[in-house]
Amino acid sequence: MTQRAYGGGISMVGVGIAALLLVAAPWVVPTSWLLVLENVLVLALFATATNLLVGWTGLVSFGQAAFYGIGAYTVALAWLHGIAPFSLAFVAAPLIAGLIALFTGAIALRARKLYFALLTLAFSELFYVLAEQLYDITNGANGIFGAMVPALLISPRIGFYFTLAVVMVALLLLYRIGHSPFGLALQAIRERRVRAEALGLAVSHHELAAFTLSGAFCGLAGALYVVHDQTAYPELLNWVKSGEPVIVAVIGGISSFAGPLWGALFYQIAHDALVALTRDWQMALGALLLLVVLFRPGGLVSLLGGREER
Amino acid sequence: MNFASVAIEVLSALTAAANLFIIAAGLSLVFGALRIINLAHGSFYMIGALLMASLFALGRPEILFWPALVLAPLLMAGFGAILERLLFRRIYHAEHLVQLLLSYALSLMLADLALRIWGADTRSVPTPAALAGVLVVGGASFPLYNLFVITLSLAVGLGLWVLLRHTRFGWEIRAAVEDAEGLSLCGRNVPALFTAVFALGAFLAALGGAAVAPLQAIGPGMDSAILVSAFIVAVIGGLGSIAGAALGAAIIGFFQAVGTLWLPTWAPAFIFLAMIMVLVIRPSGLLGAAQRAWAEED
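Note that the protein sequences, when read in sequence, are chains G and V.
Mapping the first sequence onto this note's numbering, position 59 (from 1) lands on 59, and the numbers just tick up by one.
Mapping the second sequence onto this note's numbering, position 261 (from 1) lands on 1261, and the numbers just tick up by one.
The following block holds chain V by itself, in its conformation from the complex (with noise of 0.2 angstroms):
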């Protein structure tokens, strides 16, 4: 095994790692302001693929890269944000299992959907021009876009961070985890703010849908596929701490990179392993707050 296809197995796993990122941020903001797991959070992530597939089709491709990949994730924190409305802030304090089916529930409504409108034919898009290079480093030749798909990611990141702790609306958020009465007695709109992170969690779901959208085939059974991946990214790393979505969709990149090189038969198994060895020792994640009333009050 030589150093180049290494290194291309390497970054095709920190692509999907990247990627992973991205998604599970979104799962993990949601959950951490609004302590709400969201099941349907990987159809959100394939409707972003779609309506990303959708605008493109519209025109020209060099043109419309750009614009839809703004566009689609923005669509979706609108059709979010109307679903929170509608249905999820009825569950916010109820118990986990009214949660679990009501976002399954939606989720089997949403592949529906997809595929009513979309159809079961699976699309794909071609990557921009101004990516379609490849980067040669000592003999390996790096594809552009991965490289601009770890870059979104750590730009995601990095606003994230700003946005919750050096912000206004950060600011709000956390102030609501803790207190939202209190927040609320302040003058807050809190139903709203919380509207708003849903959007936002949203957002980030079809973000990572569009983004991964030139490098695979689009089409039904994405949402199926990316969720439970970006359930246990989130659950590695502790649901609530972006950080830890972060620490999270490295390790299973580590896992899945090695896995693949020397243990193709067993690299599925070993992200499960994984959580479920974190889970033991860590049961609220690797960067989880412990003592959270939600996993511990009876």
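One chain only, chain G, in its complex shape (with noise of 0.2 angstroms):
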């Protein structure tokens, strides 16, 4: 799985149409496939945020769900304690998920490769610990739930409306940042770290950019689950939350921005069929999971057409 070049599988023409159809959604589909939607959107964000480090810069974190339990705990614990009103604290929530991405970056970074991997995994599973433990702060193993997003937003297509715009002008600026030479930079790291360094690449400070940038967009993935399903709790921080992101982009193929989209419109609907009709959720996605690893490390993009150039 080395060697990869990060082409497109992203055509405007599909872009196009993909946005028409998802601006005429919710006028067309039931409201129950709207909010199915409305959770396939953020975790596109999610897996596409996680794909910065895991496609983009080859550095693999089971931890991103720290700073996803982060952006929806911002929003929140804003409600609970009657701190910043909804609005100051969406916007707030990818800042602080930035912030703490930056400091615990500075330290998971000095490890590499497998230790680094299991660093951010003791992060994510230490503030996991934390919003269970901090019981007069955080409602502990409760979480918190209760009407923390305005009225306005609880309609379903008002808040899909916004959901999708969120996701689309986040997942536009993503790509712009993939793309750039910021971008460009961060792809010559994973393929020759040694080698990007000899350059001139300030490698360890894009590493760290990298990290911050992606635990900002994970964050602000969480604040919009928050406007999704109003409510935060734990678990939404754990190890175990932190391997989906890295999963769903697996699926649909890390080597191009659009693998993770993908892999999230598959995630979320094989998901909801299979709890609806069996019992063997886990058995199927462990099984697809093996058999993506195994046979087709370009993940779902590499069946759809999209070239993995090498």
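Hints listed in this document are in silico derivations from the structure and should not be mistaken for laboratory results.
Glycine included, C-beta positions come from ideal geometry on N, C-alpha and C.
It is possible that some hints are incorrect.
To be clear about the criterion: a stretch of chain V counts as covered by chain G if any three or more of its residues have a C-beta under 8 angstroms from a C-beta of chain G, and this derived list gives those stretches [said to hold, decoys possible]:
#1 1156–1165
#2 1222–1234
#3 1277–1285
Under 10 angstroms between C-beta atoms, here's a sample of chain G residues computed to sit facing chain V [unchecked claim]:
#4 ARG110
#5 TYR115
#6 GLU132
#7 ILE154
#8 ILE158
#9 VAL240
#10 VAL246
#11 LEU288
#12 VAL292
Assemble the dimeric complex from its two separately framed chains, guided by the hints.
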């Protein structure tokens, strides 16, 4: 799985069709589907933000749920303690998540490869335990729920359009970041770290910047989760949740920008369908992941005709 | 806080640490020899405990405890050997993302399989009659079974040391770590050796599960609960080092005992902080080899 080039998987026509379908969706599909689509959008952002590290920079983080959960808890705690109105908390969520990512990243990036993955996992579990144990602040394992979102956003259509707009803008930003000189530098680091360093690239600064940006966008996804579900609870931060965006990205294909988007669509729909029909969701997910990892390292996009340039 | 309650707390922390050592030693052994990271190790532990409960249910507990304690890990070792042949063998040289995801996928499937076979209800295994008593020292009464688990972990540590340092098998494992190709040129069957190492790792995970069975409820969720702790122990000590696993278990046991006694709210956070601190100061763990290729190569 080395030597990947980050080709398209994104065509303007495809993006246009997808945007039209999504804008039309609230007037065409039933409300229950709309809620599934909202989940897909949030997961797509979470997975794409994680893929900035995993696919782009070659940093396998098993701790992105920490920032997702921090984003969610920022909105929920601001409401619970009456610190700030929703609008302010929503804007603050990615900033706070990014700030905490900056500090944890500075520590986690001291380790490499497997040890980096394990350090991010430890941070994820640390924040999970804190969310559960600091009962006076967070309500502990019960989580926080209530009317933390403005009444306007609770209406399914408006809520959907809000989520759609935020996710679209965020994805556009991530796309621009991924294909900017900075994004190319990240790919150079992934391919040949030592050489990138020898060419004068400030490798550790780039890695830390990528980690911070990824954390901020994961935090934004977490804040959107609250808009959708109006709750925050400790399991949003643990390592199992951290594995989710990595799995979604890998199933979709980490080598292209579109991979995590396809992965999110496929994952959410397969999840909802299988959970409704059988109790073997885990078995199916495990088997799918196994097959992808062993036989289709390019992920679903490589089946859909997205090129894997080598 | 009197002596008796402190002593009991320390004993229970020591028991947990001893059991963690058995499991983490398996994790570390497999990593050291095969260079793979196995997120399904916790599933092996859970299956060990569930097999123990099933074997136990076959007949009279006072007779069945000891055979079951050996048989359950042996069954898991056999299953582990099959998994190594089918799956893990393919990923020895893959990047760590592939290893993490493949073993994670396996752990999801095993969790579902265990749910199918054993159901969602928790089970319990009674303490065998011979170990059901307590040892009274200075007013504190120590359950014999806890002392047994600690003794077992010491025996496992000693056994692994003898096996790795003083037998042909251990000599071959160390040779394979240095130069697998060279060893196979000498006429040794390296793939079979690797299967054996993986099976031994699975055996240790299941032994930990079987040994802990009388002390806690057995059922779904055991796998992920132990996995993170076992990883922390192995990583703190240094992946690949059995002595490191022992040291890591002791440190975690100490932090948990201190935490539970004086700062119960913060106790669960302590072990993660300990791991973060150790990795920041010594990125390869306390007794891990610092310059080994797997951590540094690009």
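Here's how the hints hold up against the structure:
Using a Cβ-Cβ cut-off of 8 angstroms, 0 residues of the segment 1156–1165 of chain V lie near chain G, which falls short of the minimum of three, so the contact claim is violated. For a cut-off of 8 angstroms, the count of residues in the segment 1222–1234 of chain V with a CB near a CB of chain G stands at 4, and the three-residue condition holds. Check result for the segment 1277–1285 of chain V against chain G: holds, 4 residues qualifying (beta carbon to beta carbon below 8 angstroms, three or more required). Look at G/ARG110: its Cβ gets to within about 6 angstroms of chain V, closer than 10 angstroms, so that hint holds up.
Satisfaction of the interface hint for G/TYR115 is found here, the shortest Cβ-Cβ separation to chain V being roughly 6 angstroms, below the 10 angstroms cut-off. Using the Cβ-Cβ criterion of 10 angstroms, the hint placing G/GLU132 at the interface with chain V is satisfied: the shortest such distance is roughly 8 angstroms. The closest approach between the C-beta of G/ILE154 and any C-beta of chain V is roughly 34 angstroms, which is over the 10 angstroms cut-off, so the hint fails. Taking 10 angstroms as the C-beta cut-off, the interface hint given for G/ILE158 is violated, the closest approach to chain V being about 37 angstroms.
With a cut of 10 angstroms, the hint placing G/VAL240 at the interface with chain V holds, because the nearest CB-to-CB distance is about 7 angstroms. Here the hint on G/VAL246 is kept, as its CB sits about 7 angstroms from the closest CB of chain V, short of 10 angstroms. Because the beta carbon of G/LEU288 sits about 8 angstroms from the nearest beta carbon in chain V, less than 10 angstroms, this interface hint is met. A cut of 10 angstroms between beta carbons decides the hint on G/VAL292: the least distance to chain V is about 8 angstroms, and the hint holds.
In terms of the numbered hints stated before, the structure departs from hints 1, 7 and 8, listed from lowest to highest.
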